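Kindly produce the complete structure, drawing on both the sequences and the hints.
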Amino acid sequence: MKIFQVQRITAVALLLFMFMHIIVMHYPPREMEYSNIVYLMQFPGMKVIESLFLLSVLLHALTGSYVVLTDYQALSRLRKVFVIVLTLAGIAAFYWGALTIWTW
Amino acid sequence: MYKTTGFISFLLRRVTGVALVLYLFTHIWVIGGAVTGEATFNTRMVFLTSPLFKFLEIGLLAAVFYHGFDGLRLLLINWFKITDKRKSMFAAAFVLAALMVAAGGTLIILELIHLGG
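Listed in order, the protein sequences are those of chains D and A. Here the working numbering is used: the first residue of the first sequence is 36, the next is one more, and so on. Here the working numbering is used: the first residue of the second sequence is 3, the next is one more, and so on.
Take the hints with a grain of salt, since some may be wrong.
Think about it this way: if two alpha-carbon atoms lie no more than 25 Å apart in a straight line, the pair counts; the simulated SDA-like pairs of lysine to any residue are [stated by the list, open to error]:
1) A:83 with D:38
2) A:56 with D:55
3) A:5 with D:102
4) A:83 with A:15
5) D:82 with A:33
6) D:37 with A:13
7) A:56 with D:70
8) A:5 with D:106
Restraint-style ranges between C-beta atoms, simulated for each label pair [what the hints assert, rightly or not]:
9) A:104 with D:63: 15 to 23 Å
10) A:48 with D:110: 31 to 39 Å
11) A:108 with D:108: 42 to 50 Å
Derived coverage of chain A by chain D (criterion: at least 3 residues anywhere in the stretch with Cβ under 8 Å from a Cβ of chain D; other residues may be distant) [as the list claims (entries may be wrong)]:
12) 7-20
13) 41-48
14) 72-79
Because the hints were derived from the structure by calculation, they are not lab data. Remember, predicted model here, so these are calculated numbers, not experimental data. Quick reminder that beta carbons are idealized off the backbone N, C-alpha and C, glycines included.
Following this line, the structure appears as structure tokens:
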């Protein structure tokens with residue numbers, strides 16, 4: 036699968052998941068409190084939605100970052116380095132995010 | 003070239019995209035503080051509830067809405083093969099994003115005034 040296809044598919048997924056995330060987590064508008072997170076993350080449906088949101092947003096963000104970085108001629112020879120660094124950053128962020136979602 | 007709507011939308015999409023990537027990792031780090039306990043979470047939230055971040059939040063709204071509407075515009079143009087409508091759709095995406103930022107930004111400023119008073 037090509038990068039632009041990943042970008043398109045995750046963009047559509049994000050429209051759906053971000054809408055659900057904003058409605059459930061941030062509506063009505065309020066400061067995010069510890070108790071809110073603990074309460075909301077006890078619902079299995081929320082865990083699944085937030086995990087899919089996390090996966091799609093990270094894929095979209097990291098493939099987008101790769102495209103931006105490698106668009107510059109001066110940096111294009113560092114493609115492999117970017118792939119490694121961005122993949123590691125993605126794994127770390129997904130691990131940390133999934134831990135936050137599935138701990139409760 | 004640098005004054006075309008295509009270039010302006012490309013540039014704005016990239017700038018907002020990079021800003022959103024930086025915010026995404028910050029967001030994961032802050033909310034992830036909940037795993038280690040309420041005290042850590044609250045410590046990390048202090049910056050996010052400061053007046054400075056409230057202003058930055060208006061920029062965040064602008065980045066999210068512009069990036070989202072412009073991305074949707076690209077998807078629609080690509081799927082429905084309506085490249086002749088790209089300029090008017092860019093204007094529509096920009097105006098929609100501006101309206102959403104004005105609405106959300108007003109709420110944030112009102113909250114700041116309320117907190118200050």
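Run the structure past the numbered hints and jot down the numbers of the failing ones, going up.
none
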